[in-house]
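> These protein sequence lines are chains A and B, in that order.
Using my numbering, the first residue of the first sequence is number 1, and each one after it goes up by one.
Using my numbering, the first residue of the second sequence is number 1001, and each one after it goes up by one.
Read the hints as simulated data drawn from the structure, not as lab findings.
Wrong hints could be hidden among the right ones.
[Claimed, not checked] Here's a subset of chain B near chain A, in silico, CB distances under 7 Å, partners left out:
id: 1; residue: Gly1049
id: 2; residue: Gly1052
id: 3; residue: Ser1056
id: 4; residue: Gly1060
id: 5; residue: Asp1084
id: 6; residue: Asp1086
id: 7; residue: Ala1090
id: 8; residue: Gln1104
id: 9; residue: Leu1109
id: 10; residue: Leu1112
id: 11; residue: Asp1224
[What the hints assert, rightly or not] Mimicking DSSO-like on lysine-lysine, the simulated pairs with C-alpha atoms at most 30 Å apart in a straight line are:
id: 12; chain 1: B; residue 1: Lys1050; chain 2: A; residue 2: Lys14
id: 13; chain 1: A; residue 1: Lys774; chain 2: B; residue 2: Lys1227
id: 14; chain 1: B; residue 1: Lys1017; chain 2: B; residue 2: Lys1050
id: 15; chain 1: B; residue 1: Lys1050; chain 2: A; residue 2: Lys373
[Claimed, not checked] Here are the in silico distance ranges between beta carbons for each label pair:
id: 16; chain 1: A; residue 1: Phe355; chain 2: B; residue 2: Arg1198; range: 51 to 59 Å
id: 17; chain 1: A; residue 1: Trp822; chain 2: B; residue 2: Ser1051; range: 54 to 62 Å
id: 18; chain 1: A; residue 1: Leu347; chain 2: B; residue 2: Gln1133; range: 43 to 51 Å
id: 19; chain 1: B; residue 1: Gly1153; chain 2: A; residue 2: Lys373; range: 26 to 34 Å
id: 20; chain 1: B; residue 1: Ser1051; chain 2: A; residue 2: Arg448; range: 39 to 47 Å
id: 21; chain 1: B; residue 1: Ser1019; chain 2: A; residue 2: Leu742; range: 41 to 49 Å
id: 22; chain 1: A; residue 1: Ala425; chain 2: B; residue 2: Lys1227; range: 52 to 60 Å
id: 23; chain 1: B; residue 1: Thr1067; chain 2: A; residue 2: Arg448; range: 34 to 42 Å
C-beta atoms are modelled at their ideal positions from N, C-alpha and C, and glycine is treated no differently.
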Amino acid sequence: MSDVNWRLAMRSLKRDLRAADVRALFIALVLAVAASTMIAFFLDRLERGLERQAGQMLGGDLVLEQRDPFSAELRERLESAGFVLSDQVDLVSMISRNGRFQPASLKAVDDVYPHYGVSYVDFGDGTEQIASGPPPGEAWADPRLVELVEIELGDRVQVGQTELVVTGIIEREADQSGGFGNFNPRLMLNTADVEATGLVQEGSRIEFEILAAGSPAALDQVQGLLAELRRDGVEVRDVRVDRPQLGNALQRAESYLGLAGLAAVLLAGVAVAMSTRRYVERHLDTAALLRCFGASQRQLVTIFTLQLMGLALVAAAIGALLGLMGQAILIWLLVSFLPMTLPPPGLMPLGLGVFTALAVLVGFAGPTLLRIKRVSALKVLRRELDPLPPSAWLVVGVASIVFGGLLWLYSGSLPLAVGLLLGGALLLGVLWMISALLLSGLLRLVHRFSGRSEWSQALRLGGRQLARRRQAGLGQLLAFSVTFFAMAMIVLVRGDLLSTWQDQLPENTPNYFAINIQPSERDPFDAAVSPRVETQSTLYPMVRGRVIAINDQSPTDAVPPDARGDNSLRRELNLTWQSELPEGNEVVAGEWFSAPQPGSEEGGESQGWMSAVDATQRATPVPISVEDGLAERLGLGIGDEMTFSVGSDEITTQITSLRSLNWDSFQPNFFVIFPPGVLEQFGHSYITAFHLPEAEQGLIRELITDFPGVSLLNVDAILGQVRDVLAQVTRAVELVLALVLLAGVSVLYAALTASLPVRAHESGLLRVFGAGSKMISRIQGAEYALLGFASGLMGAVLAELTTAALYLYLLDLTPRLHLGVWLLLPIGGALLIGVIGHVLSRGLRRQAPAASLGLLGEA
Amino acid sequence: MGSAPKAAGQPVLHADKLSKKVTSGERSLTILHDLSLSVAAGESVAILGKSGAGKSTLLGLLAGLDTPSDGELTLFGHALSRLDEDGRAALRAGRVGFVFQNFQLLPTLSALENVMLPLELSPRAGETQTAAQWLARVGLGERVEHLPKQLSGGEQQRVAVARAFVTDPELVFADEPTGNLDPDTGAQIIDLLFTLNREAGTTLILVTHDHALARRCDRCLRLDHGKLEAVPDNIVPTAASIDEGAQ
């Protein structure tokens, strides 16, 4: 029998493809699958792409750094895990030319360098992009060094005991490895020349680095080894953990894409539900006939289920194909920031797509389909004997559970899924009531239209038509509201997401850091810079200090094993003092230092906290504020004591507050802040950041001349890189947005298709009674427009509420009111539904009334 | 197709004191009251009655599409009261054909597909050929791929007749088969129906208000006020006598 059912189901499916509702159902399913697979494919590959991007900034997917050369055994282990290794040596040394001396930050790279990206180097004929380092015997200097030592291309500079020819001016390095740890100007050379310089000696400031490029699988494979290395004090940077600068923005983008995908699936689900309703209504006759011919209830359900499943499978296959193509387009849009060799898309998203199609079908169509089972054979004799539609609660309940499951699957967070679902269900209940009220109000309003004009008459009649089909009208109103809501939300969130990104890196984001400003230079420097820059941060005093004890234990004993190699314990930290909490910082635990005593002055040498106590001999520890991320890594909390060695002194401190701060802000940020009155007695310098407009670039030359000791660091390159990524992700977001809008239109199509026969019947009757095409067109237009207006209004309410909740709990943005939505949605809704409805029912108006009347229940 | 009635002599259908009441709110309405009927295999029976007399309700009961409030109905020797909805459906499968006043063709299916539908429920070899042959027999051999909306009313009813006979049933129910057709087309359909019925030796139960149509049956019954009574042959007016009476 099952073979019979299968054959019958497939035959009916083939025949059914002629029907509009099946086409709508099919389109909705294809869209659901296309949206979910496209986004799944894309996120999967984006994730890997972002790791590469971060890898480019780090210099590799994995970076190891220590003060001694790495063992051959370690290299072998990494290579056998599938990594390609590149060696680098970073050191600070004096370079000289013609008697001019300048400390420089030397970065020696090998022939493998760089793993990712290119460097921008000027060899005398303008800037070129080059994917290698200097060959042996040559060196590339950064513009600042060229300025300071007065180098011409082709000049020889003395580096330690050897001489190198400067052949290029390096404007942007392919990676940021060997980074900003010290702020001297850069000289890049080949590792082959390092030995000849004679600079690698006991006690010299030198770091050996291994930059390793490899797959996520390779990274997984060496996690144990990395933990071991961290315990041994090796600094380990894993691309997945140390994703610099881009973290927040991209995380939001991923949340957004996931959200957009879900919105598309939800919309497609609504379209499926509406098409299924029409599908079932149309098949009640078939079912009754089949009952007459002897089919059992079970057989009916099997036949129709098989038929819909067949439809779902074909839709899933096509949708998945479209999804694959869509993600290829996304990747193509992003090609300049993704590496060329992305691994091919996996099978997982495909499976996900098929699963999504089936789930959407079961969830949104299942309960409606059961109606077919209850059809009576007697219906063939008495048409009015339609089985009751399933209870709205059952339909909504099952759809909610399935959609909740999908939410869980896609977001990976059960509480989020349950929360959204419960909120959604509650909202739907409220929505139903408000919709009913809104519809009644609107219709009452329309009834009062006493105008004699054709349009007033059309509005009155259209309103009455809507009122006559109250339940159906309410259902459509809900579906359209949800559609407009989802569309609006995706547009709103996109807009706010983009503007937040732009806010995060506004035009005047500091592009220069000035370091090593001596106390005596502070005021003159400020006076020279302030009038010519657009923005400038506070001048922060900076003292270097090393953590020598935590809670009276050696730091490596006191912190968790994984943190033993942490940079903060291996190097001197930049300490500052402030009486006020710096801008962009937020105290997340404990309390900021109490207000300074009158007369104390930030950064001044005079009174401050504990002014009466000798800083080196105090009985009580000095309160400090620590960055919360550092505290978490080192396992520290409020009340823990840290002892710093500053100069030749030791200062014992106690953590009294933890701060969160935005590392993406391009502002000077500090792990540890002291209150005023403690560090002033030690040698210190000042740091500041400012945005120098393009037209004022001459200032740099003046500053280098007037303040030769001050290091100026240009971060335009990094800023540019971050902005590039944001711009490209924005394009991806826009493509996904288009998909959601398309899903929205599919709902409109499905809903209007479903209601076409009833409307055809009505217009047929109106024609019988003497209404002309124009009149009917106006009445239908008015009805659609009213429906669209009410839906738009509801959609606006929903969108405003939901975006506020999303901003607060998911995207971490500040909620705000969107006035445009309140205007645009009702008017746009009226226009959109009016126009689509008008176009779809054009054929009906051309039909003879007899045909329209016969259409009822048979289309 | 043999002309001998199938399982001749045995009653195909036997109704004993059937009643059908419907309640609407607190009011109860008896549509059929203590109605008994026996139909032998190969017999053709007409049930006459005015509009609203309950003819379609009776047909629904006899075909097992509906259940009586009281009484017992036996179809092909099976007491329908002992069968559930699915059991009654299984009993009909392949053994009962229907012709409806409003044709009941599925609009998205071609003529051929409509005729094939009952065959597909109990498949046998050559469904398509069988269905096509039946369409040819009703004179629509050239219209197999046409959709119902591309056919005239008479043509649609021909498709329905072909569909009723395609499974080679033992019993065919016809509910006002000419009700939606003009007299000429109706007469053609009736000719077709009786020809096929005779050729196939099928039992025919026909509900109509058309006396001319009723006269062509072996037996004629009138449904009036919920009761069924036999109409002697000479009392069924002929079309001619109606015309005379009108003058």
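> Against each hint, give a clear statement of whether it holds in the structure.
Each hint, compared with the structure:
{"no.": "1", "hint": "Gly1049", "in the structure": "14 Å, violated"}
{"no.": "2", "hint": "Gly1052", "in the structure": "13 Å, violated"}
{"no.": "3", "hint": "Ser1056", "in the structure": "5 Å, holds"}
{"no.": "4", "hint": "Gly1060", "in the structure": "5 Å, holds"}
{"no.": "5", "hint": "Asp1084", "in the structure": "9 Å, violated"}
{"no.": "6", "hint": "Asp1086", "in the structure": "4 Å, holds"}
{"no.": "7", "hint": "Ala1090", "in the structure": "6 Å, holds"}
{"no.": "8", "hint": "Gln1104", "in the structure": "5 Å, holds"}
{"no.": "9", "hint": "Leu1109", "in the structure": "5 Å, holds"}
{"no.": "10", "hint": "Leu1112", "in the structure": "11 Å, violated"}
{"no.": "11", "hint": "Asp1224", "in the structure": "20 Å, violated"}
{"no.": "12", "hint": "Lys1050(B) / Lys14(A)", "in the structure": "43 Å, violated"}
{"no.": "13", "hint": "Lys774(A) / Lys1227(B)", "in the structure": "53 Å, violated"}
{"no.": "14", "hint": "Lys1017(B) / Lys1050(B)", "in the structure": "21 Å, holds"}
{"no.": "15", "hint": "Lys1050(B) / Lys373(A)", "in the structure": "34 Å, violated"}
{"no.": "16", "hint": "Phe355(A) / Arg1198(B): 51 to 59 Å", "in the structure": "58 Å, holds"}
{"no.": "17", "hint": "Trp822(A) / Ser1051(B): 54 to 62 Å", "in the structure": "57 Å, holds"}
{"no.": "18", "hint": "Leu347(A) / Gln1133(B): 43 to 51 Å", "in the structure": "50 Å, holds"}
{"no.": "19", "hint": "Gly1153(B) / Lys373(A): 26 to 34 Å", "in the structure": "32 Å, holds"}
{"no.": "20", "hint": "Ser1051(B) / Arg448(A): 39 to 47 Å", "in the structure": "43 Å, holds"}
{"no.": "21", "hint": "Ser1019(B) / Leu742(A): 41 to 49 Å", "in the structure": "59 Å, violated"}
{"no.": "22", "hint": "Ala425(A) / Lys1227(B): 52 to 60 Å", "in the structure": "56 Å, holds"}
{"no.": "23", "hint": "Thr1067(B) / Arg448(A): 34 to 42 Å", "in the structure": "51 Å, violated"}
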